[in-house]
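A.B. asks: Below are the chains, spelled out letter by letter.
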Amino acid sequence: MKWWYLFCLLPGLATASPLDDCRTFQHHGQRQETEACFERLTHSDDAFLRAEGFWGLGRLEDANAQFKIAHDEHKNSPEVRVEWGKLFVAGQNTQEAANLFQEALKLDENYAPAFLALARLAGGFDKRSEDLTRHAIELNPKFVEAHEYLARLALEDNDPKLATQEAHTALSLSTDALDAMSVLASIDFLNGQTQSDWMTRILKVNPIYGEAYATAAYFFIINRRYNEGVEFYREALKLNPDLNDARSELGINLLRLGDDEEARQELVRSYNAHFSSPETRNALRFLDTEKDYEVLHGPHSIVVLNKKEAALLAPYIQPELETVIATYQKKYKTTLPGPVRLEVYPNHDDFIVRTLGLPGQGGLLGVTFNSVVAMDSPSARPPGEFRWSATIWHELSHVYVLYMTHELTPRWFTEGLAVHEESAHESDWSDRLTPEIVEALQKKQLLPVLKLEQGFLRPQFPSQVMVSYYEAGKMCDFIIEKYGNDAILGMIHSFSIRKDTAAAIEDNLHEKPEAFDKEFSAWLDKKTGSTVAHFADWKKSMQAGPDKITPVEAKRLEDDYPEYTGEYSTYELLAGLYSNHGDKAAARRELEKYRDMGGHSVATLKKLAGLEQEAGDNKEAEKTLKNVDDIYLEDEDVHRKLGTLMLNQGDAGGAIREYQAAIALKPEDVAETHYDLARALMAAKRDKEAKDEVLVALEAAPGFKPAQKLLLQLSQ
Amino acid sequence: MRLLSLFLTFAFTLPAANYYLIVAGLGGAPEYEKQFEQWASETERALQAGGPNVHVETLSGAKATRQQLSETLTKMASDVQPDDTFGLLMIGHGTFDGDNYKFNLPGPDITAGELATLLDRIPAKRQLVVNMTSASGASLPLLARKGRVVITATKSGNEKNLTVFPRYFLDALRDPEADTDKSGSLSALEAFRYTQRKTVNYFESEKLLATEHAMLDDTGSKDGARDPSATNGEGLAASAFPLIPPSTGPTVAASPEKQKLLARKEDLEAKIDRLKYQKAAMPEEEYKREMAQLLLDLARTQAEIDR
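Chains A and B supply the protein sequences, listed in that same order.
This note's numbering puts the first sequence at residues 1 to 716.
This note's numbering puts the second sequence at residues 1 to 307.
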């Protein structure tokens, strides 16, 4: 026994510390040795080593208890604080972790591992992450892990050159730098190589290093290449089935791709192995709500709707989706290999958990994963906040572009084209020139086309993502206007064969990116120059308060910035002023401009429809209310009014849909609504259904005379 | 046959009267005092619009004492006939101490048990109590009785906040949209559903946690229901309680033939109401067939009346 102990201690004595020994075994994938080594550490006299030992064995609670003791025993050790902080990171307690990293820096302001730990905590898409990592390297230029992490950040930032450089720096410092090699292998895989020499080297160092495949999987996922991402996660798990974070990611991405059954299996397995990230828990909770959804199959689509609102939404969303598919099939000259699956969530947090894993991302309206699209339901947001129909056109464009480019499109291009498609379908759906965008134009913050990707991935100011959407959309407008739709198809082809943005522009637009930027800038300036020039004045007047704006001034402001349809738009202000003076015709003209400019306040549009109806212009009123339908479907009053207008114009089919929508919203006046539907059905010569409906009306209101008359008529 | 005809003639020539007593309890603060009195007087006006057969008395302010309330109910017990309808509408604050519900009045309060005793002396076969006070849910089990529709603003005595129910109940009496069966009259059930919907909308639109959940009991079950329906058996009597009677009722001048038609109409309407409450226990097809036939008969009868 004594001999054995001595023997076991020998390797430890040969190297720097017993902890380093364990880490070396771990680094080389020597499972049994690693376990035995960590087990030995748990018997150490030093609480810090005991903590590391328990952690190495996966006994996180015991590790935490020992770290607590070590924290008291090693009052001046930044290492103890950083290590304990990392344990908190593993336990998803980022706040405690950050506190400990800061505490370490108080003890030693030049402690590089603390800066790296903070960088990892900030996450790759936060600019601070890179700054902190660089600072760690400044403090310790031979800090292998920091170089490895910087390589990863660079690849996240779509900069394979820098990533390669940093990875090689790490390898020059340590030939066994597994994470550096994982980044290099990922670059190979992303470039279409099916095998990578780096992978061979990795496996020589550590034959069970599944993390390398998981790293590649991560990069495929963030590049929207979900199918390949999933396959790499599978590879990672083949090498090491204990990689529960990879298993959870596999589950989450299977969920994104609509494979709920396998997703559930993987997530449950991960959860049962005590890996319980918020994303895993949310995804499992989300899967439990599956029973609340109804799946509808169309010729080229599958629509998933919450049962509570399926009756209302299906007659709108399903045909719209089929129309979009038919339009894009023609436009992109491509037939998708299978149906598009559209999932519509009435609860925004469910939608976000379904797509990102964590709630709290307020701005997202829709997300595409290959041929699966998830989006907010019209009921998920207050009326007027978004146009559900435009979201479908937008996301479906992604489905086509991702498919046609084999998911190799840069983000700026697919987003730009999707934004373009919204306005190509309906001019008033175009991305609005909001004050934030005008301000960016004014400050000349738009990015050259070769850098536009950064505007999406690493925004430098709060509204840059939104500005980048606008810019990318306008770029696609410009390309189509100047070079035609075929140029766009050509660019799609270029991306599909792994050409980058510069090459795609040169091959299809036959000019250098710099020349393209110049021309685009001049084109955009023509469209927005006047608004930009008057923006300061406009802002000043609006800040003074809308009640202080005179009619003459409002008219001028409207001319200066016609695209502004946000709160207190001059259209609405002027319409209000005209209405107060009894000039309903002028008020109507203003609101029609508001509508045609893309204004989407449901209340304002309803007001306009009322004015149009009052003036006897039922055709325009119908147009306005159809516009409301494209924005918000939860307004019973709109459906009933539109139904009546359509019925009066002889569109019985349209009226039936509107009245059915009103019924799906559980109207207050059940009898009247079913009676209206009966009239529409009768007009469509569907007498049997009409009779059924009138009987429903009379069941609610047996003495309702118009319905009684209709029943007698239908019973003759 | 002759007797039936005589009865019908009597029924239509001397229609039953509708008696109401509205009580606005102690406000406790001037703004509440004023608000309760205003709701009470407006409710009185809305009910009076029901026609000459509607008799409304209101007790509010200093007059709304327990003694006055007891005396008024005692007097009504002698005035009201069995075929009349009687309604007690309570506005104000209520309290519940875990054992007893009390309606807050100037001076001594009155308990739900005391109210029930007084109401039991009123001979009207169809009675309605609308207790719109806070904590009113606690009064439901004591007031509930077969033949009496009891509506409370809250589901229990633990909902103690000032209620918004009276505001919307008043709206129900005035808003033609509350008459969902388009009969030209407003039943207690229609008023309940309208008020309930508006109350729910109020809390939702104000993004407030709902502090009141209205209940209805008309079977004497003492449990009440938030959603009276054929499924839980609640609501049938409430649907037949005419809170606001039809504005144009049958006239003395109606010919015997028309009177027969009117009687047939009333009979069909009653059958339809009953059938609705048998729905849950019937095969769907059978229900649909019977309902369709009754509705068609009613439509034909109405057409003949209107001819």
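Please keep in mind that the hints were generated in silico from the structure rather than gathered at the bench.
Wrong hints could be hidden among the right ones.
Unchecked claim - Okay, the calculated bits of chain B under chain A, using three or more residues with CB under 8 Å as the criterion: (1) 17-29; (2) 269-278; (3) 298-307.
Positions of the beta carbon are idealized from the N, C-alpha and C atoms, including for glycine.
A.B. asks: Hint compliance check: list the failing hint numbers for this structure, sorted ascending.
C.D. replies: Those not satisfied come down to hint 1.
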